[in-house]
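Participant: For reference, the chains in residue letters:
There are 2 protein chains.
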Amino acid sequence: MSVLNEVLDANKKYVDSFGEKGKLALPPARGFAILTCMDARLDPAKYAGLSEGDAHVIRNAGARASDDAIRSLVISYKLLGTKEWFVIHHSNCGMEFFTDVAMRDLLSKSLETAALGSEGFYDVGKGPGSNEGAYIDWLTISDRDKAVIEDVQRIRRHPLVPSNIPIHGYVYEVETGKLLEVPGAKQAGAAK
Amino acid sequence: MSVLNEVLDANKKYVDSFGEKGKLALPPARGFAILTCMDARLDPAKYAGLSEGDAHVIRNAGARASDDAIRSLVISYKLLGTKEWFVIHHSNCGMEFFTDVAMRDLLSKSLETAALGSEGFYDVGKGPGSNEGAYIDWLTISDRDKAVIEDVQRIRRHPLVPSNIPIHGYVYEVETGKLLEVPGAKQAGAAK
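Chains as they are written, first to last, in numbering that gives the first Met the number 0: chain F, 0 to 191; chain X, 0 to 191.
Warning: the hint list may mix true and false statements.
Put simply, identical chains are the same to the list, so a pair is met inside one copy or across any two.
Unchecked claim - No more than 25 Å apart at the CA atoms, straight line, and that leaves these computed lysine-lysine pairs for BS3-like:
id	residue 1	residue 2
1	Lys125	Lys45
2	Lys45	Lys11
3	Lys191	Lys82
4	Lys45	Lys22
Keep in mind that the hints were calculated from the coordinates and are not lab data.
Computed from a predicted model, the values in this text were never measured in an experiment.
Based on the provided sequences and hints, a complete structural model is requested.
Facilitator: Rendered as structure tokens:
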């Protein structure tokens, strides 16, 4: 079966057991938001105990505090009333295995998927590639805990972020499912 | 109990039933990615039938094809091998209820949460506000189906997106849980 049909089939089953969820309100019932990574192994609803309607979930490559993540967070509180935020990176994140230089080089060689070896990603595809990757900041990570603190700090210092919103910095451990507090993130994310 | 303690308590229960999930591989097992909205009512793992390890999930305010969403999608296929993508907006999206002008005006008045009335959002907070909102494109939505098609097209036309990746455009109906195909999105998202 194709991926599309698998998704639509799974959706039919979800619709059949949908119950009263159609009555949920637009603003998150539990008043908080989570920024986390797109990684397939992470299910924030499961690892943080969210039911439909509870909390905003923002996800991108690396759980980085990109301009777009901040756009989403500001909408989340200003229009929909969240008052507490989590930044949750994770162990074994793909963003730790490459650099801007490496990504730009890979993309310049081909647009096919690269392979991952002990030395990092290497290209196996056929060209043509594209130079467009040189114009993108890939927001890679070289130090996990430091990246969490920097992301928390970037959000904390943003002029549109109210001073009274606590921002929690955590790492999700993909090996155990555990949320680990990042030393130093508490101070960086403390409400002003 | 505080939100933080609730999340950590839920996480403990998840860890206790974690099973063999610590052995999941980094690349998504089912080779696809979903771009969807941060809305609290959406649980893409549930509405699309995803288990941990299956697929990348990217989320932002509106499920928009922002530069950051495209950064994440390009990493998703180039480094981690996804070959099929979904763009899934939803009904009753908050992004339909305001405009850049309205958001900038609200933020300039105060940084507290606004209220939603029949005429849209209105400010109830005390100043000071900030002019910083004038420098952000909030990526609001005025026509739901058109926005899906535009997002699919923006991704389709991006120079770093390989021509053979299908991109599916859908709307999740929050009233029923159903995924509805957007007329015209199929053509816009077809592999070249």
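Participant: Determine for every hint whether it applies to the structure shown.
Facilitator: Okay, the hints, checked on the actual structure:
For the homomeric pair Lys125 and Lys45, neither the shortest alpha-carbon distance inside one copy (39 Å) nor that between copies (37 Å) is at most 25 Å. For the identical chains of this complex, Lys45 and Lys11 are neighbours both inside a copy (21 Å) and across copies (11 Å), given an alpha-carbon limit of 25 Å. In this homomeric assembly, Lys191 and Lys82 come within 25 Å of each other (Cα to Cα) only inside a single copy, at 13 Å, whereas the closest approach across copies is 44 Å. Taking the closest pair of Cα atoms, Lys45 and Lys22 come within 25 Å of each other both inside a single copy (22 Å) and across two copies (17 Å).
Comparing the model with each earlier hint shows a violation of hint 1 alone; every other hint is respected.
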